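Engineer: Read off the chains here:
There are 2 protein chains.
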Amino acid sequence: MGTRVALQAALSGYQVAIFDISPKALETSQKLMVKIVQHLAKGSGMDDTAGRNAIAAITFTDNPNVAIWDADLINESVTEDVEIKNAVWEQFGKIAPEKTIFTTNTSFMLPSMFAEISGRPEKFCALHFHDVFYSKVVDIMPHPGTDPQLVPLLMAFGRKLEQVPVLVKKENHGYLFNSMLMAFIGAAGKLLTGEVGSIEDIDKSWMVNFHMHMGPFGILDSIGLDTAWHVTKNLPDNASQRFAALLKSYIDAGKLGEKSGEGFYKYPNPAYKQEGFLD
Amino acid sequence: MGTRVALQAALSGYQVAIFDISPKALETSQKLMVKIVQHLAKGSGMDDTAGRNAIAAITFTDNPNVAIWDADLINESVTEDVEIKNAVWEQFGKIAPEKTIFTTNTSFMLPSMFAEISGRPEKFCALHFHDVFYSKVVDIMPHPGTDPQLVPLLMAFGRKLEQVPVLVKKENHGYLFNSMLMAFIGAAGKLLTGEVGSIEDIDKSWMVNFHMHMGPFGILDSIGLDTAWHVTKNLPDNASQRFAALLKSYIDAGKLGEKSGEGFYKYPNPAYKQEGFLD
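Taken in sequence, the protein lines are chains C and H.
Sequential numbering from 227 applies to the first sequence in our numbering.
Sequential numbering from 227 applies to the second sequence in our numbering.
Simulated from the structure, these hints should not be mistaken for lab results.
On a predicted model such as this, the values are computed, not experimentally measured, just so you know.
Do not take every clue at face value.
To be verified - The calculated SDA-like cross-link candidates involving lysine to any residue, where the alpha carbons are at most 25 Å apart (straight line), are:
id, chain 1, residue 1, chain 2, residue 2
1, H, 395, C, 395
2, C, 395, C, 425
3, C, 362, H, 424
4, H, 499, C, 387
5, H, 499, C, 418
6, H, 474, H, 397
7, C, 362, H, 416
8, C, 459, H, 420
9, H, 362, C, 425
10, H, 395, C, 384
11, H, 416, C, 445
12, C, 499, H, 387
13, H, 499, C, 437
14, H, 362, C, 496
15, H, 362, C, 418
16, C, 416, H, 467
17, H, 396, C, 426
18, H, 396, C, 465
19, H, 320, H, 342
20, C, 459, H, 342
21, H, 396, C, 420
22, H, 395, C, 425
23, H, 416, C, 455
24, H, 395, C, 466
25, C, 416, H, 424
26, C, 396, H, 464
27, H, 395, C, 502
28, C, 396, H, 472
29, H, 416, C, 505
To be verified - Which bits of chain H does chain C cover? Going by a derived footprint, with three or more residues having C-beta under 8 Å, they are:
id, region
30, 358 to 368
31, 398 to 409
32, 413 to 424
33, 427 to 433
34, 474 to 485
Cβ atoms here follow ideal geometry from the backbone N, Cα and C, with glycine treated the same way.
Using the sequences and the hints given, assemble the complete structure.
Structural biologist: Here it is as C-alpha cells:
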C-alpha cells in the first residue's frame with residue numbers, strides 16, 4: 227500500500243520519500259513501482275517516461291531522518307500490529323519537524339490508538355487508501371482530538387492524488403466501505419457454513435446481480451484469507467466464529483488465496499474467470 | 227415481477243397464461259410487456275416483431291381455470307402476504323391438473339409456508355427471479371418435502387429462460403443474493419444512523435470501490451423504502467431497529483424512493499447520476 231500511495235503522490239507532483247527499515251523492502255517497492263507505471267502506461271496508450279521520471283525523483287531510504295527532515299505530511303502503512311505502529315509513531319513524533327502532519331493508513335485500527343504516543347494528537351488523522359489506482363477512494367477519519375482544520379486540507383490532498391475523498395465523521399473500524407464489505411462477506415460466509423449455498427452459487431448470485439467480475443469468495447481470495455481471518459475472528463457472533471474457523475482451516479492447509487496459488491479457488495485461472503461459469 | 231417472468235417464458239418459446247383477479251392489472255401487465263419489448267429491441271438493434279408476437283401469444287385472463295387447465299408449471303408472484311398466498315395456493319391446489327408443478331416467486335417468505343395448503347408439497351418449490359432482463363439469476367429453493375427430482379428440472383427450466391440458476395440447498399429468508407444485499411445495506415444504514423458517514427459519502431465509497439453506478443442508498447431508492455422497511459423492521463438487533471425507524475420517517479413523509487419521486491435522493495435526476503458526484 228505504501229508503495230502505491232507514494233507512487234501516486236509522486237505522479238501528482240509531490241516530492242516523496244519512502245522509508246522502510248528493510249533495504250530489501252525498498253528495492254521491492256521500487257520494482258513494484260516500475261511494474262505499476264508500465265501497466266498504467268499500457269492502459270492509457272502513452273509511454274512510461276513520466277512514470278519513470280516520477281520514480282527516479284522518489285527518495286528510497288532506510289534512514290527516517292533522511293525521509294522526514296522537511297516532510298509536510300507522513301502517511302504510515304506499516305504492519306497492522308499495535309506495538310509496531312506505536313513504536314513507529316513514537317519515533318516519528320520525536321524526529322519529525324513541527325509542521326509535519328501525521329496520517330495513518332491503517333485498515334482496521336483507529337487513529338486515536340496512536341495519536342497520543344505521536345506527541346501531536348491534534349495533527350494526527352487517518353488517511354486510508356484502498357487500491358489507489360483501481361479503487362480511487364480515500365477515507366479521511368479524524369479522532370476526537372484531531373484539529374478540525376486538518377479535514378478540508380486532507381480532503382484537498384486526496385483530490386490532488388486523484389482519489390474520491392470521503393469523510394468518516396466518527397472513528398469506525400473499517401471506515402465506510404470496509405464496514406459494508408465485511409458485512410456482505412460475513413453474510414456470504416454464513417450462507418456457506420450454514421450449507422445454504424455453494425461457493426460457486428453464492429459468487430454467481432453476486433456477480434450476475436451486480437454485474438461484477440467477482441463474488442464474495444473471489445474477493446476473499448484477493449484480500450487474502452489470513453487478512454480476512456484476522457478481522458473475522460474478533461467478531462463476537464456465532465456465525466462469524468464459524469466462518470473464522472472455516473477460514474482458519476484453509477489457512478492451516480496453506481490456502482491463503484490468490485497469493486498462495488489457492489484459496490476458495492485455484493489460481494491463476496480461477497473457475498469464476500473461466501468461460502461458462504455463468505452458464 | 228410476474229409480468230417479466232411471463233414475458234421471458236413466452237420469449238423462450240413457452241406457451242404462457244398470465245392470471246390476475248384484476249382485469250386492470252392484466253391490462254397494465256400487457257402494456258408493461260410492450261414497453262419492455264421495445265426497450266429490449268432498442269438495446270439489441272433489432273425490430274420488436276418477435277417480442278410483439280410473443281406477447282400476442284400470451285393468454286391474459288382473470289379466470290384461473292382458463293389459465294391453468296393444461297399448465298406444466300405455475301410461478302406465483304402475488305403480494306407478500308401470507309393470507310393471500312395461502313388462499314391462492316389452496317385454490318390452485320384444487321383446480322390445477324395433477325401434472326402441474328407449483329413454484330412461488332416469494333421474495334422473503336419460504337416455500338414450506340405454502341407447501342401443505344397447496345395439497346402437493348412434493349411438487350412445491352421456490353423459483354425466485356430477480357429482474358429477469360437485467361439481473362438474470364434464478365434461485366431454486368426446495369423445502370424439506372420437495373421431491374429432489376424437481377431440482378434439476380427447475381435448474382434446466384431456469385437456463386431455458388436465459389437465467390443463471392443457483393441452488394439454495396436449505397430454506398433461507400432472502401435466498402443467496404438478498405441475504406448479502408440486506409447485510410451490506412444494513413451496514414450502510416448503521417453508518418448513517420450512527421452518523422459515521424453521509425448518504426453521499428457512503429454511496430461514493432461503494433460506487434468507486436466496486437465500479438458500480440449506484441451505492442446502497444441509491445439501491446434502496448430503487449427497491450423502494452417501504453419494501454426495505456418491511457424487511458428491516460423484523461430484524462431484532464438495535465442497529466436494524468434504528469435504521470427501520472429512519473426508513474419509516476422517510477415513508478411517513480411520502481418519500482418511498484424512485485417510484486414516488488424522492489427517497490434518499492430526488493428523481494428523475496438523482497445526485498449520484500450527475501456529473502461531478504465523484505469529484
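Engineer: Holds or violated: are the alpha carbons of residue 362 of chain H and residue 425 of chain C at most 25 Å from each other?
Structural biologist: Since the Cα atoms of residue 362 of chain H and residue 425 of chain C sit roughly 18 Å apart, the hinted pair holds (cutoff 25 Å).
Engineer: Take the C-alpha atoms of residue 362 of chain H and residue 418 of chain C, compute the straight-line distance between them, and say whether it is at most 25 Å.
Structural biologist: OK: residue 362 of chain H and residue 418 of chain C at ~22 Å, within 25 Å.
Engineer: Please check whether the region 398 to 409 of chain H has three or more residues whose CB lies within less than 8 Å of a CB on chain C.
Structural biologist: With 9 residues close enough to chain C, the hint holds.
Engineer: Below or equal to 25 Å on CA atoms is what counts here, so check residue 459 of chain C against residue 420 of chain H.
Structural biologist: holds (24 Å)
Engineer: Starting from residue 416 of chain H, check that the Cα of residue 455 of chain C is at most 25 Å away, please.
Structural biologist: holds (23 Å)
Engineer: Given the proposed pairing of residue 416 of chain H with residue 505 of chain C, does the C-alpha separation stay at or below 25 Å?
Structural biologist: violated (36 Å)
Engineer: For the region 474 to 485 of chain H, do three or more residues have a beta carbon lying closer than 8 Å to a beta carbon of chain C?
Structural biologist: violated (count 0)
Engineer: Take a quick look at whether residue 396 of chain C and residue 464 of chain H sit within 25 Å of each other, Cα to Cα.
Structural biologist: holds (19 Å)
Engineer: CA of residue 499 of chain H to CA of residue 418 of chain C, is that 25 Å or under?
Structural biologist: violated (35 Å)
Engineer: With a cut-off of 25 Å on the C-alpha distance, tell me whether residue 395 of chain H and residue 384 of chain C pass.
Structural biologist: With a Cα-Cα distance of about 46 Å, the restraint between residue 395 of chain H and residue 384 of chain C is violated, given a limit of 25 Å.
Engineer: Hint check: residue 320 of chain H vs residue 342 of chain H, CA-CA at most 25 Å. Holds or violated?
Structural biologist: holds (12 Å)
Engineer: Take the C-alpha atoms of residue 362 of chain H and residue 496 of chain C, compute the straight-line distance between them, and say whether it is at most 25 Å.
Structural biologist: Holds - the C-alpha atoms of residue 496 of chain C and residue 362 of chain H are around 22 Å apart, at most 25 Å.
In this structure, the earlier hints numbered 1, 2, 5, 6, 10, 20, 25, 29, 34 are contradicted, and the remaining ones agree with it.
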